[in-house]
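Enquirer: Spelled out from the first residue to the last, the chains are:
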Amino acid sequence: EDQVTQSPEALRLQEGESSSLNCSYTVSGLRGLFWYRQDPGKGPEFLFTLYSAGEEKEKERLKATLTKKESFLHITAPKPEDSATYLCAVIATGGGNKLTFGTGTQLKVEL
Amino acid sequence: GAVVSQHPSRVICKSGTSVKIECRSLDFQATTMFWYRQFPKQSLMLMATSNEGSKATYEQGVEKDKFLINHASLTLSTLTVTSAHPEDSSFYICSAQGLAGTYEQYFGPGTRLTVT
Numbered sequence: 001e002d003q004v005t006q007s008p009e010a011l012r013l014q015e016g017e018s019s020s021l022n023c024s025y026t027v028s029g030l031r032g033l034f035w036y037r038q039d040p041g042k043g044p045e046f047l048f049t050l051y052s053a054g055e056e057k058e059k060e061r062l063k064a065t066l067t068k069k070e071s072f073l074h075i076t077a078p079k080p081e082d083s084a085t086y087l088c089a090v091i092a093t094g095g096g097n098k099l100t101f102g103t104g105t106q107l108k109v110e111l
Numbered sequence: 001g002a003v004v005s006q007h008p009s010r011v012i013c014k015s016g017t018s019v020k021i022e023c024r025s026l027d028f029q030a031t032t033m034f035w036y037r038q039f040p041k042q043s044l045m046l047m048a049t050s051n052e053g054s055k056a057t058y059e060q061g062v063e064k065d066k067f068l069i070n071h072a073s074l075t076l077s078t079l080t081v082t083s084a085h086p087e088d089s090s091f092y093i094c095s096a097q098g099l100a101g102t103y104e105q106y107f108g109p110g111t112r113l114t115v116t
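Residue numbers (our numbering), protein chains in the order written: chain A, 1 to 111; chain B, 1 to 116.
What the hints contain is simulated information worked out from the structure, not anything from laboratory work.
Accuracy of the hints is not assured; some may be wrong.
[Said to hold, decoys possible] Output of the computed footprint for chain B on chain A, the stretches with three or more beta carbons under 8 Å from beta carbons of chain B:
1. 24-35
2. 41-50
3. 87-96
4. 100-109
[What the hints assert, rightly or not] Straight-line C-alpha distance at most 30 Å; calculated DSSO-like pairs for lysine-lysine:
5. A:K108 / A:K69
6. A:K108 / B:K41
7. A:K98 / B:K20
8. A:K69 / A:K98
9. B:K41 / A:K42
10. B:K55 / A:K42
11. B:K14 / A:K68
12. B:K20 / B:K66
13. B:K41 / A:K57
14. B:K64 / A:K69
15. B:K14 / A:K42
16. A:K68 / A:K98
17. B:K20 / A:K42
18. A:K59 / B:K41
19. A:K98 / B:K66
20. A:K98 / A:K108
21. B:K66 / A:K42
22. A:K57 / A:K42
23. A:K68 / B:K64
[Unchecked claim] Distance windows between CB atoms, simulated:
24. A:E17 / B:K20: 39 to 49 Å
25. B:H7 / A:D39: 16 to 26 Å
26. B:S73 / A:S24: 36 to 46 Å
27. B:G16 / A:R61: 45 to 55 Å
28. A:T26 / B:G101: 19 to 29 Å
29. A:S24 / B:K14: 40 to 50 Å
30. A:G94 / B:G61: 33 to 43 Å
31. B:V3 / A:N97: 15 to 25 Å
These numbers come from a predicted model, not from an experiment.
Built from N, CA and C at the ideal position, the CB exists for glycine as well.
Please construct the entire structure, taking both the sequences and the accompanying hints into account.
Expert: If you want it as structure tokens, here you go:
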């Protein structure tokens with residue numbers, strides 16, 4: 001069974017304090033790994049897709065990396081507006097196009 | 001690009017009535033649309049997958065007669081919650097997939113359903 005585990009469940013940072021969120025996955029074969037940001041009461045916002053180990057993607061203060069077992073979302077010098085829940089999801093080969101989500105990391109960035 | 005809308009954003013209905021939620025891909029054609037349900041402080045739970053012109057595929061445990069899904073065009077899918085009860089109160093989110101050569105799903109803003 002495909003599984004996605006995110007850690008930590010919650011993370012509190014000071015503004016400017018860089019950190020990383022972890023997403024570990026177990027799938028028979030990986031078609032793609034996806035990062036989303038979700039604000040309270042809203043739908044998830046697409047951030048990145050990673051397809052193969054060694055791949056990296058960047059957007060503003062965010063950088064996503066991928067290995068054969070896990071992905072990291074690095075947040076550099078975060079600002080309060082980066083506060084949100086960050087969701088990781090995978091699509092496995094043989095799983096159609098269905099996303100399997102982790103439970104998310106709730107990030108709060110304080111002044 | 002890749003904008004998905006949902007309507008309504010909030011709805012309150014009485015127990016026993018039916019509610020329809022629309023999901024539209026505004027700037028791309030969605031070959032596949034998905035419907036999710038999300039409970040407070042939990043992740044998204046996939047309810048069903050629909051392809052344009054085909055019957056929806058429901059996840060295990062989701063009642064297809066209660067949650068009717070129609071995907072009549074490449075830009076519109078609807079979810080109808082029939083004979084709603086308080087336990088159907090939840091946050092319903094759709095997503096659309098269809099940009100050529102990619103697997104990304106783009107999500108709508110969600111619909112908060114409250115059944116009284």
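Enquirer: Hint by hint, note whether the structure agrees.
Expert: Structure-based check of all given hints:
no., hint, in the structure
1, 24-35, "holds (count 3)"
2, 41-50, "holds (count 7)"
3, 87-96, "holds (count 3)"
4, 100-109, "holds (count 4)"
5, A:K108 / A:K69, "holds (26 Å)"
6, A:K108 / B:K41, "holds (15 Å)"
7, A:K98 / B:K20, "holds (23 Å)"
8, A:K69 / A:K98, "holds (19 Å)"
9, B:K41 / A:K42, "holds (13 Å)"
10, B:K55 / A:K42, "holds (28 Å)"
11, B:K14 / A:K68, "violated (49 Å)"
12, B:K20 / B:K66, "holds (12 Å)"
13, B:K41 / A:K57, "holds (28 Å)"
14, B:K64 / A:K69, "violated (35 Å)"
15, B:K14 / A:K42, "holds (24 Å)"
16, A:K68 / A:K98, "holds (20 Å)"
17, B:K20 / A:K42, "holds (19 Å)"
18, A:K59 / B:K41, "holds (26 Å)"
19, A:K98 / B:K66, "holds (22 Å)"
20, A:K98 / A:K108, "holds (29 Å)"
21, B:K66 / A:K42, "holds (24 Å)"
22, A:K57 / A:K42, "holds (24 Å)"
23, A:K68 / B:K64, "violated (37 Å)"
24, A:E17 / B:K20: 39 to 49 Å, "holds (46 Å)"
25, B:H7 / A:D39: 16 to 26 Å, "holds (19 Å)"
26, B:S73 / A:S24: 36 to 46 Å, "holds (39 Å)"
27, B:G16 / A:R61: 45 to 55 Å, "holds (49 Å)"
28, A:T26 / B:G101: 19 to 29 Å, "holds (26 Å)"
29, A:S24 / B:K14: 40 to 50 Å, "holds (44 Å)"
30, A:G94 / B:G61: 33 to 43 Å, "violated (21 Å)"
31, B:V3 / A:N97: 15 to 25 Å, "holds (20 Å)"
Violation of the numbered hints given earlier is confined to hints 11, 14, 23 and 30; the remaining hints are satisfied by the structure.
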